[in-house]
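K.L.:
When we follow this note's numbering, the leftmost residue of the sequence shown carries the number 5, and every step to the right adds one.
One should not assume that every hint holds.
[To be verified] Below, in silico cross-link-like pairs of lysine-lysine (DSBU-like), each with a Cα-Cα straight-line distance of 30 Å or less:
1. Lys424 / Lys35
2. Lys210 / Lys126
3. Lys198 / Lys62
4. Lys46 / Lys126
5. Lys91 / Lys126
6. Lys337 / Lys372
7. Lys91 / Lys8
8. Lys320 / Lys14
9. Lys337 / Lys46
10. Lys341 / Lys294
11. Lys91 / Lys210
12. Lys394 / Lys320
13. Lys408 / Lys394
14. Lys14 / Lys158
15. Lys294 / Lys215
16. Lys198 / Lys372
17. Lys45 / Lys215
18. Lys341 / Lys394
19. Lys35 / Lys45
20. Lys126 / Lys45
21. Lys126 / Lys158
22. Lys46 / Lys421
23. Lys8 / Lys320
24. Lys39 / Lys71
25. Lys91 / Lys71
Worth flagging that the hints you see were computed from the coordinates, not collected in a lab.
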Amino acid sequence: MLRKLEGIEKSFAGPDMSSFLNLAIKFEDQKSLNKALNNFKKIFGGRSLKVVDGAIYKSSEMSPIEKLPMWIQDCHSACDWVQNHTKPIDQTLTTISHNDSIIAINSNHNVSDGGFMLRAFKHCLDDDIGEYPFGESPLAISEAFKDELAECEKIQPELFKHSLNTCFPFDPKDPHLVPRERRNEMKHVMIEDKLDTNLLQCFDKKLHRPKNLTESIMMAMSLTLSTFNNYNCDHESLSKQIDRLGLTMVYDLRRFTNPQNINWRYANAVSSISLQTIPNDRDSLSDICKKFRNVILEVQGPPIFYNVNHGEYNSKPYHIHGCSSNLGPIVIKRPIKDFHINAKYVTSSDFYDSGENGSDIFFLTFSKVTQTKNELSTLLCSAPTTVTGKTFHIFHETLFHILKDIPYDTNIVEAYKEIKDFQNKLSAEY
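Turn these sequences into a full structure, and let the hints guide you.
P.N.:
Structural data, given as structure tokens:
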């Protein structure tokens with residue numbers, strides 16, 4: 005045994021459910037593919053590791069490089085293929101596959117979180133990429149950020165409670181809920197989508213790119229969660245019914261430490277922290293975005309690290325909460341032709357979740373930037389699945405409707421009415 009799993013790591017590689025990220029990159033020539041493949045062999049330490057009974061072990065042998073079928077010539081299909089061929093975590097934590105134009109990687113979150121995957125993508129063609137010390141465990145957050153964690157203990161900043169984030173309830177008779185007897189049939193629900201960023205309300209025509217996208221997503225997702233409640237939108241004061249808007253946001257801790265310390269053993273360095281703001285009836289959607297931006301700035305640094313050991317992660321029982329992770333803009337340059345990244349869950353055959361501990365809807369986003377396009381890629385998923393496909397479809401469409409179609413100078417009360425009408429129309433059509 006190398007070490008026990010700590011904290012959030014346990015949720016990424018548990019006996020009933022594990023979290024994986026998939027990365028696929030398409031190259032325009034064989035030479036570039038071979039160079040990237042050799043680099044990936046050096047840095048993806050999960051090929052030599054496994055998880056057994058909540059601990060990380062060194063594998064008896066390195067996982068082999070797999071063959072990706074030749075008919076797969078797009079990155080999205082490559083991600084789907086490697087996900088469907090995920091090996092159990094007690095055998096290996098990372099699998100690398102390739103054909104003549106695409107490299108595809110399936111890797112457990114504990115050995116390659118989103119920040120790790122992006123770093124691997126950006127440096128895949130470097131002449132000196134460095135190397136993971138194979139046979140060693142990835143650094144636990146308690147070790148990797150020991151100084152930062154100690155420093156924040158002196159400050160003890162106040163944190164928002166996860167259970168107070170925006171959420172909507174369900175009960176055994178609620179039509180939003182997957183029936184108890186069908187829970188095992190629907191362990192994972194996911195919608196992937198994309199759109200040109202110039203269709204977003206936050207698109208800045210002068211800058212030719214989205215502006216303040218992170219807080220726009222926070223605003224849109226919290227409103228989507230909130231409007232699933234039975235609020236009276238014709239009420240004289242909406243703010244008397246809604247005491248706060250909030251959801252969990254995923255942060256990459258590498259951003260808040262000395263970059264010279266970062267190496268490939270910093271494989272899983274995420275912290276999720278609740279962000280909340282108080283709306284009032286005079287607010288516009290733009291005002292809500294600004295309030296979220298202020299909270300985002302306030303928690304950067306000590307609060308994020310303090311949240312690692314002191315954050316309250318318990319969801320409100322029998323409620324659906326939200327979590328957002330924005331990987332930011334990712335620029336594609338030759339000889340890379342395309343790439344894709346997504347996240348998926350693997351559950352055991354006997355896994356069942358009653359909803360007693362609540363549930364989360366997760367929204368992963370990144371912008372794919374080339375010389376000719378700026379495209380927002382999105383992944384909306386829920387695992388364990390407690391909401392029906394219809395509810396999930398309406399949630400997804402509502403989220404996009406807010407991001408694309410409702411001007412940000414719209415008053416929040418009027419926006420609620422618009423969103424509820426939109427949801428009711430979808431519900432009748434579905």
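K.L.:
With reference to the structure, classify each hint as holding or not holding.
P.N.:
Verification of the hints:
1. Lys424 / Lys35: 54 Å, violated
2. Lys210 / Lys126: Satisfied, since the Cα-Cα distance of roughly 27 Å is no more than 30 Å.
3. Lys198 / Lys62: 39 Å, violated
4. Lys46 / Lys126: Measuring from Cα to Cα gives roughly 15 Å; hence the hint holds.
5. Lys91 / Lys126: Holds, because 26 Å separates the two Cα atoms, which is no more than 30 Å.
6. Lys337 / Lys372: Cα-Cα ~11 Å, so holds.
7. Lys91 / Lys8: Roughly 21 Å between the alpha carbons, so the hint for lysine 91 and lysine 8 holds.
8. Lys320 / Lys14: 20 Å, holds
9. Lys337 / Lys46: 23 Å, holds
10. Lys341 / Lys294: 36 Å, violated
11. Lys91 / Lys210: Distance of about 47 Å is beyond 30 Å: violated.
12. Lys394 / Lys320: 22 Å, holds
13. Lys408 / Lys394: Answer holds: lysine 408 to lysine 394 is near 21 Å, not above 30 Å.
14. Lys14 / Lys158: 27 Å, holds
15. Lys294 / Lys215: Given that 30 Å is the threshold and the Cα spacing comes to 12 Å, the pair holds.
16. Lys198 / Lys372: 10 Å, holds
17. Lys45 / Lys215: Outside the cut-off at roughly 37 Å; violated.
18. Lys341 / Lys394: Roughly 36 Å separates the two Cα atoms, so the pair is violated.
19. Lys35 / Lys45: With Cα atoms ~16 Å apart, lysine 35 and lysine 45 stay inside 30 Å; holds.
20. Lys126 / Lys45: Holds, because 15 Å separates the two Cα atoms, which is no more than 30 Å.
21. Lys126 / Lys158: Roughly 36 Å between the alpha carbons, so the hint for lysine 126 and lysine 158 is violated.
22. Lys46 / Lys421: The hint is violated at about 54 Å.
23. Lys8 / Lys320: 28 Å, holds
24. Lys39 / Lys71: 17 Å, holds
25. Lys91 / Lys71: At roughly 14 Å apart (the allowed maximum being 30 Å), lysine 71 and lysine 91 satisfy the hint.
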